[in-house]
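S.K.: Here is how the chains run, residue by residue.
Protein chains: 2
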Amino acid sequence: MEELRIPGPTPCPPEVLKAMAKQMINHRSEEFEGMMEAVTANLKRLFQTKNDVFLLTGSGTGGLEAVVVNTLSPGDKVLALSSGAFGERFITITQKFGADVVPLRFDWGKPVDVEAVRQALKTEAKIKAVMVTHNETSTGVTNDLAAISSLVKEYDKLLLVDAISSLGSIDLPVDKWNCDVVVTASQKGWMVPPGMAMLSVSQAAWKAHAVAKMPRFYWDFTQAKKYQDKQQTPWTPAVSVVFALSVALEMMLKEGLPNIIARHARVGRAARSGVKSLGLSLLADEDYASNTVTAVNSPAGVDSEKLLEVLREEHHIELAEGQAHLVGKIFRIGHLGWVTEKDIEKVIKALKVALPKLGFVGAAV
Amino acid sequence: MEELRIPGPTPCPPEVLKAMAKQMINHRSEEFEGMMEAVTANLKRLFQTKNDVFLLTGSGTGGLEAVVVNTLSPGDKVLALSSGAFGERFITITQKFGADVVPLRFDWGKPVDVEAVRQALKTEAKIKAVMVTHNETSTGVTNDLAAISSLVKEYDKLLLVDAISSLGSIDLPVDKWNCDVVVTASQKGWMVPPGMAMLSVSQAAWKAHAVAKMPRFYWDFTQAKKYQDKQQTPWTPAVSVVFALSVALEMMLKEGLPNIIARHARVGRAARSGVKSLGLSLLADEDYASNTVTAVNSPAGVDSEKLLEVLREEHHIELAEGQAHLVGKIFRIGHLGWVTEKDIEKVIKALKVALPKLGFVGAAV
Numbered sequence: 020m021e022e023l024r025i026p027g028p029t030p031c032p033p034e035v036l037k038a039m040a041k042q043m044i045n046h047r048s049e050e051f052e053g054m055m056e057a058v059t060a061n062l063k064r065l066f067q068t069k070n071d072v073f074l075l076t077g078s079g080t081g082g083l084e085a086v087v088v089n090t091l092s093p094g095d096k097v098l099a100l101s102s103g104a105f106g107e108r109f110i111t112i113t114q115k116f117g118a119d120v121v122p123l124r125f126d127w128g129k130p131v132d133v134e135a136v137r138q139a140l141k142t143e144a145k146i147k148a149v150m151v152t153h154n155e156t157s158t159g160v161t162n163d164l165a166a167i168s169s170l171v172k173e174y175d176k177l178l179l180v181d182a183i184s185s186l187g188s189i190d191l192p193v194d195k196w197n198c199d200v201v202v203t204a205s206q207k208g209w210m211v212p213p214g215m216a217m218l219s220v221s222q223a224a225w226k227a228h229a230v231a232k233m234p235r236f237y238w239d240f241t242q243a244k245k246y247q248d249k250q251q252t253p254w255t256p257a258v259s260v261v262f263a264l265s266v267a268l269e270m271m272l273k274e275g276l277p278n279i280i281a282r283h284a285r286v287g288r289a290a291r292s293g294v295k296s297l298g299l300s301l302l303a304d305e306d307y308a309s310n311t312v313t314a315v316n317s318p319a320g321v322d323s324e325k326l327l328e329v330l331r332e333e334h335h336i337e338l339a340e341g342q343a344h345l346v347g348k349i350f351r352i353g354h355l356g357w358v359t360e361k362d363i364e365k366v367i368k369a370l371k372v373a374l375p376k377l378g379f380v381g382a383a384v
Numbered sequence: 020m021e022e023l024r025i026p027g028p029t030p031c032p033p034e035v036l037k038a039m040a041k042q043m044i045n046h047r048s049e050e051f052e053g054m055m056e057a058v059t060a061n062l063k064r065l066f067q068t069k070n071d072v073f074l075l076t077g078s079g080t081g082g083l084e085a086v087v088v089n090t091l092s093p094g095d096k097v098l099a100l101s102s103g104a105f106g107e108r109f110i111t112i113t114q115k116f117g118a119d120v121v122p123l124r125f126d127w128g129k130p131v132d133v134e135a136v137r138q139a140l141k142t143e144a145k146i147k148a149v150m151v152t153h154n155e156t157s158t159g160v161t162n163d164l165a166a167i168s169s170l171v172k173e174y175d176k177l178l179l180v181d182a183i184s185s186l187g188s189i190d191l192p193v194d195k196w197n198c199d200v201v202v203t204a205s206q207k208g209w210m211v212p213p214g215m216a217m218l219s220v221s222q223a224a225w226k227a228h229a230v231a232k233m234p235r236f237y238w239d240f241t242q243a244k245k246y247q248d249k250q251q252t253p254w255t256p257a258v259s260v261v262f263a264l265s266v267a268l269e270m271m272l273k274e275g276l277p278n279i280i281a282r283h284a285r286v287g288r289a290a291r292s293g294v295k296s297l298g299l300s301l302l303a304d305e306d307y308a309s310n311t312v313t314a315v316n317s318p319a320g321v322d323s324e325k326l327l328e329v330l331r332e333e334h335h336i337e338l339a340e341g342q343a344h345l346v347g348k349i350f351r352i353g354h355l356g357w358v359t360e361k362d363i364e365k366v367i368k369a370l371k372v373a374l375p376k377l378g379f380v381g382a383a384v
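So the sequence lines, in the order shown, correspond to chains A and B.
Each residue of the first sequence is one higher than the one before, counting from 20 in the numbering used here.
Each residue of the second sequence is one higher than the one before, counting from 20 in the numbering used here.
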């Protein structure tokens, strides 16, 4: 079988895939409502929040759009912290819907510089919200969200968090860190196929929502809340994904969130030390390296596309390319969700065999 | 096993459910691209179109929002033909995004009156687009889309069609009828779980898109087109639903579209004659009665919620309630997708047993 080691979709355990194959039920039935009630309660435990948590049928990008259109009005000034493709995507969505985005950009591979954020909050008038990518999937960097959130709250701004590839894998105590809207997606650390975005909405976010004038219908939190009061969704949900999520959440709670976070930390370390043992270098500074995705610099002279092809065809391992201007310059190992150190060992072993074939001598180190 | 006879989600054949349980693959891989190419080509055959056809991860309502935001600008005048809950939903979405909607409403249970549409097109200046629900799921009415489209094109307006519960089940030759954007959803006649909206985009719709100023990102046709050129989707798709759709479309093409349409016509007739044989009356005029959903007037004195409960608990048959002001006044039998006359016979037999228990004497007829 192929080893899928991209940062999403992630491989699903057999129990989860079995749930995907369940026959359809009425999404307005007590059976569905009972499942939704448990799923929502379990999500809240893993989000570490007492805030509202909603399921929206769509990809993570749909979830980002939901965050934007539910909390902002055209013309609102938003400080957007970006150091990668997903930070840029959050910016683009926000601009498309007419907000006045003040981008604060950092080199790809670097984290958000908290002091620069402080400076921006100090000097830039009328900022309404700060948006940040907790874990930048395109570069393998995890930002210091605890420090960022503490600063954003010191200045009493709304904090909108893309936690698509971190939540459920990397510690993100939503309430403790006062995050107002936090969004993730089923195909990441949750071990479930794509199709659902999940997000939390704080009291401050509800206040922002009440005056937010961006046009919205499908993603509208007011509708989501109204139907959640009867444990339903306003529109027909991806029922199979809810079945699967229901099973995956039980598995996650059985393992325990602290254990899941520790496992991802071990797996992340294994990926980084494995890569370095081959003589390769990491894109991200290790102090900020992500425990869910590792971005590796393509060694000089090695065609990374060719490398991924050899891994795929000769080792049945699927890694991910770089994105945007990093295409061909890096490759990425996804290690979130259903993953252990053993899976990473396989990747490192395969790289050790494949790299010399492509002319990389450093692999002998 | 429960017989799910609601107008979506519809039951899925075992082959389709098996496909839902397939392990994840990279949505940027050749394997996925090959599948997307076949799915798109097969969808075009069943849409009877040479237009672009896209898959969007979301519910049918998300697909409706995609139609609106991709073709219109705030302030555009739109003639909206409505005679049920889904016609109203299309109106609401269009209004939320700032269009100037001219609603042309008909009684629920009645079809769109084509002469009234002619009158409106004649008298109402500056109409840019006409929107219509081909098959009104809330009332079990199929509108005369051939006549409506011919009229709309006589006046050279854009035609936006909600065909969520008709396409693939009821004849809708997209190109022959000059429909500009037509939207459907996976959980309807396609025999696939919910999670995907599918839609076609004509050349005229592309022209409208080029100047359409409603804000959009997630649903943007330009992005969909750009990625479709490499047989991908811009954002992570509901991969499992694409697996399932791939299998279902092959099954549909094997049966053949004319046979599928004929089967739905037979099933629709069986539902209507069965219901009448029990002494019950139909909400819709039979000349316009839908072949995918039948709305039945609750007999005087019978609590329709209680009736559905008895059917569910004693006969393992799940029917649908009425919507909006028809709650408690009608119940609905869904018969689209994986359904034959035998399935309808079971429903009628169960109704025959259940109705007298609730005090309906006409059932003896």
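Careful, some of the hints might be misleading.
In this list, chains with the same sequence are indistinguishable; a pair is considered to hold if it fits within one copy or across any two.
Unchecked claim - Each computed BS3-like pair below joins lysine-lysine, with the alpha-carbon atoms no more than 25 Å apart:
| id | residue 1 | residue 2 |
| --- | --- | --- |
| 1 | LYS115 | LYS245 |
| 2 | LYS376 | LYS145 |
| 3 | LYS295 | LYS244 |
| 4 | LYS172 | LYS245 |
| 5 | LYS325 | LYS249 |
| 6 | LYS141 | LYS348 |
| 7 | LYS145 | LYS172 |
| 8 | LYS244 | LYS129 |
| 9 | LYS176 | LYS361 |
| 10 | LYS244 | LYS365 |
| 11 | LYS176 | LYS145 |
| 12 | LYS361 | LYS96 |
| 13 | LYS371 | LYS129 |
| 14 | LYS361 | LYS41 |
| 15 | LYS348 | LYS69 |
| 16 | LYS371 | LYS37 |
| 17 | LYS245 | LYS348 |
| 18 | LYS325 | LYS141 |
Treat the hints as calculated values from the structure; they're not laboratory data.
S.K.: Are the hints correct? Go through all of them and say.
M.R.: Hints, one by one, checked against the model:
Proximity of LYS115 to LYS245 under the C-alpha cut-off of 25 Å is restricted to the inter-copy arrangement: shortest distance 18 Å between copies versus 27 Å within a copy. Proximity of LYS376 to LYS145 under the C-alpha cut-off of 25 Å is found in neither arrangement, the shortest distances being 56 Å within a copy and 66 Å between copies. Neither within a single protomer nor between protomers do LYS295 and LYS244 lie at most 25 Å apart by alpha-carbon distance, with minima of 48 Å and 40 Å respectively. Taking the shortest Cα distances, LYS172 and LYS245 never come within 25 Å of each other, neither inside one copy (29 Å) nor across copies (40 Å).
In this homomeric assembly, LYS325 and LYS249 come within 25 Å of each other (Cα to Cα) only across copies, at 19 Å, whereas the closest approach inside a single copy is 52 Å. In the homo-oligomer, the alpha carbons of LYS141 and LYS348 never lie at most 25 Å apart, since the shortest distance is 36 Å inside one protomer and 60 Å across protomers. Proximity of LYS145 to LYS172 under the C-alpha cut-off of 25 Å is restricted to the intra-copy arrangement: shortest distance 15 Å within a copy versus 49 Å between copies. Taking the closest pair of Cα atoms, LYS244 and LYS129 never come within 25 Å of each other, the shortest separation being 37 Å inside a single copy and 33 Å across copies.
With identical chains, the CA atoms of LYS176 and LYS361 are never at most 25 Å apart, being 43 Å at best within one copy and 61 Å at best between copies. Neither within a single protomer nor between protomers do LYS244 and LYS365 lie at most 25 Å apart by alpha-carbon distance, with minima of 44 Å and 37 Å respectively. Proximity of LYS176 and LYS145 under a CA criterion of 25 Å is satisfied intra-copy only: 10 Å inside one chain copy versus 44 Å between copies. Taking identical chains as interchangeable, the C-alpha atoms of LYS361 and LYS96 are never at most 25 Å apart, the minima being 46 Å within one chain and 60 Å between chains.
Taking CA atoms no more than 25 Å apart as the test, LYS371 paired with LYS129 passes in neither setting, with 27 Å inside one copy and 70 Å between copies. In this assembly of identical chains, LYS361 and LYS41 lie within 25 Å of each other by CA distance solely across copies; the values are 23 Å between and 31 Å within a copy. For the identical chains of this complex, LYS348 and LYS69 are neighbours neither inside a copy (42 Å) nor across copies (39 Å), given an alpha-carbon limit of 25 Å. Proximity of LYS371 to LYS37 under the C-alpha cut-off of 25 Å is found in neither arrangement, the shortest distances being 35 Å within a copy and 37 Å between copies.
Within a single copy, LYS245 and LYS348 get their C-alpha atoms only as close as 47 Å, which misses the 25 Å cut-off; across copies the closest is 23 Å, which meets it. When the C-alpha separation of LYS325 and LYS141 is checked against a cutoff of 25 Å, the pair qualifies neither within a copy, at 47 Å, nor between copies, at 62 Å.
Violated hints, listed in ascending order, are 2, 3, 4, 6, 8, 9, 10, 12, 13, 15, 16 and 18; each of the other numbered hints is respected by the structure.
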